[in-house]
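Hey, can you work out the whole structure from these sequences and the hints?
Position one of the sequence shown corresponds to residue 1 (full-length UniProt numbering), numbered consecutively onward.
What the hints contain is simulated information worked out from the structure, not anything from laboratory work. Hints are supplied without guarantee of correctness; some may be wrong.
Claimed, not checked - Per label pair, the in silico range of CB-to-CB distance: (1) Ser81 / Pro106: 43 to 53 Å; (2) Ala133 / Leu68: 10 to 20 Å; (3) Gly92 / Ser64: 38 to 48 Å; (4) Pro106 / Ala11: 29 to 39 Å; (5) Leu68 / Arg120: 17 to 27 Å; (6) Pro62 / Ser95: 28 to 38 Å; (7) Arg31 / Ala131: 24 to 34 Å; (8) Leu103 / Thr19: 46 to 56 Å; (9) Ala134 / Thr23: 14 to 24 Å; (10) Glu101 / Ser64: 16 to 26 Å; (11) His115 / Gly92: 15 to 25 Å.
Built from N, CA and C at the ideal position, the CB exists for glycine as well.
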Amino acid sequence: MGCRMSITPDALEQEFSLTTAVTRLDFLARRDSGETTLNTAEDVDADDWTSFRSATTSLDVPESLELLALGEVVARKARDSQLTGFRAALRGGASWQQIAEALGVPPEEAWTRFHQLIERHERARVLDSDAAAAARELAGTRPS
Numbered sequence: 001m002g003c004r005m006s007i008t009p010d011a012l013e014q015e016f017s018l019t020t021a022v023t024r025l026d027f028l029a030r031r032d033s034g035e036t037t038l039n040t041a042e043d044v045d046a047d048d049w050t051s052f053r054s055a056t057t058s059l060d061v062p063e064s065l066e067l068l069a070l071g072e073v074v075a076r077k078a079r080d081s082q083l084t085g086f087r088a089a090l091r092g093g094a095s096w097q098q099i100a101e102a103l104g105v106p107p108e109e110a111w112t113r114f115h116q117l118i119e120r121h122e123r124a125r126v127l128d129s130d131a132a133a134a135a136r137e138l139a140g141t142r143p144s
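The following block contains the structure:
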């Protein structure tokens, strides 16, 4: 038996850039037709190749696990990029109402998300305490 690659978001996040992860995610998602008939085994005459004409594509287990993990990688990378978007918008003078509209949420929720991102990046040591404090100051008071 060969070496088995760990199919986890952490492993794939190191391997794929955002663009590559999205491309691979899209490729795998398009390969699976999602038909429930693919979930059943069928007895087919080994000499009868006509069954291939109507065959649809399905993902094998490693590919399906990769699809799940890549979805998480893309979600994480997209979430991480939001911190940059929040800070740029705030530095540019955007209101919490405008930021909220861009996210499709109420202003209070947008403000809360920004603070959650700051906390997550601070815990992950992406932001030091000074940078986190500056981001909190940039956010201002919670909109009501």
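Whether the CB-CB distance between Ala133 and Leu68 falls inside 10 to 20 Å: With Cβ atoms ~37 Å apart, the hint is violated.
Cβ separation of Glu101 and Ser64, checked against the hinted range 16 to 26 Å: violated (36 Å)
Consistency of beta-carbon spacing, Thr19 to Leu103, with hint 46 to 56 Å: violated (22 Å)
Range agreement (Cβ of Gly92 with Cβ of His115, hint 15 to 25 Å): Cβ of His115 to Cβ of Gly92: about 19 Å, so the range 15 to 25 Å holds.
Consistency of beta-carbon spacing, Ala131 to Arg31, with hint 24 to 34 Å: violated (42 Å)
Range agreement (Cβ of Arg120 with Cβ of Leu68, hint 17 to 27 Å): Holds: the Cβ-Cβ distance is about 22 Å, inside 17 to 27 Å.
Range agreement (Cβ of Ala11 with Cβ of Pro106, hint 29 to 39 Å): This hint holds: roughly 36 Å between Cβ atoms.
CB-CB spacing for Pro106 and Ser81 relative to the 43 to 53 Å hint: The hint (43 to 53 Å, Cβ to Cβ) is violated, given that Ser81 and Pro106 are roughly 22 Å apart.
Verdict for Gly92, Ser64 (Cβ pair) under range 38 to 48 Å: Holds, since Gly92 and Ser64 (Cβ atoms, about 42 Å apart) stay within the stated range.
28 to 38 Å as the expected CB spacing between Ser95 and Pro62, which holds or is violated: For Ser95 against Pro62, whose Cβ atoms are near 47 Å apart, the range 28 to 38 Å is violated.
Satisfaction of the hinted span 14 to 24 Å by the C-beta atoms belonging to Ala134 and Thr23: The hinted range 14 to 24 Å is violated for Ala134 and Thr23, with Cβ atoms some 35 Å apart.
Violation of the numbered hints given earlier is confined to hints 1, 2, 6, 7, 8, 9 and 10; the remaining hints are satisfied by the structure.
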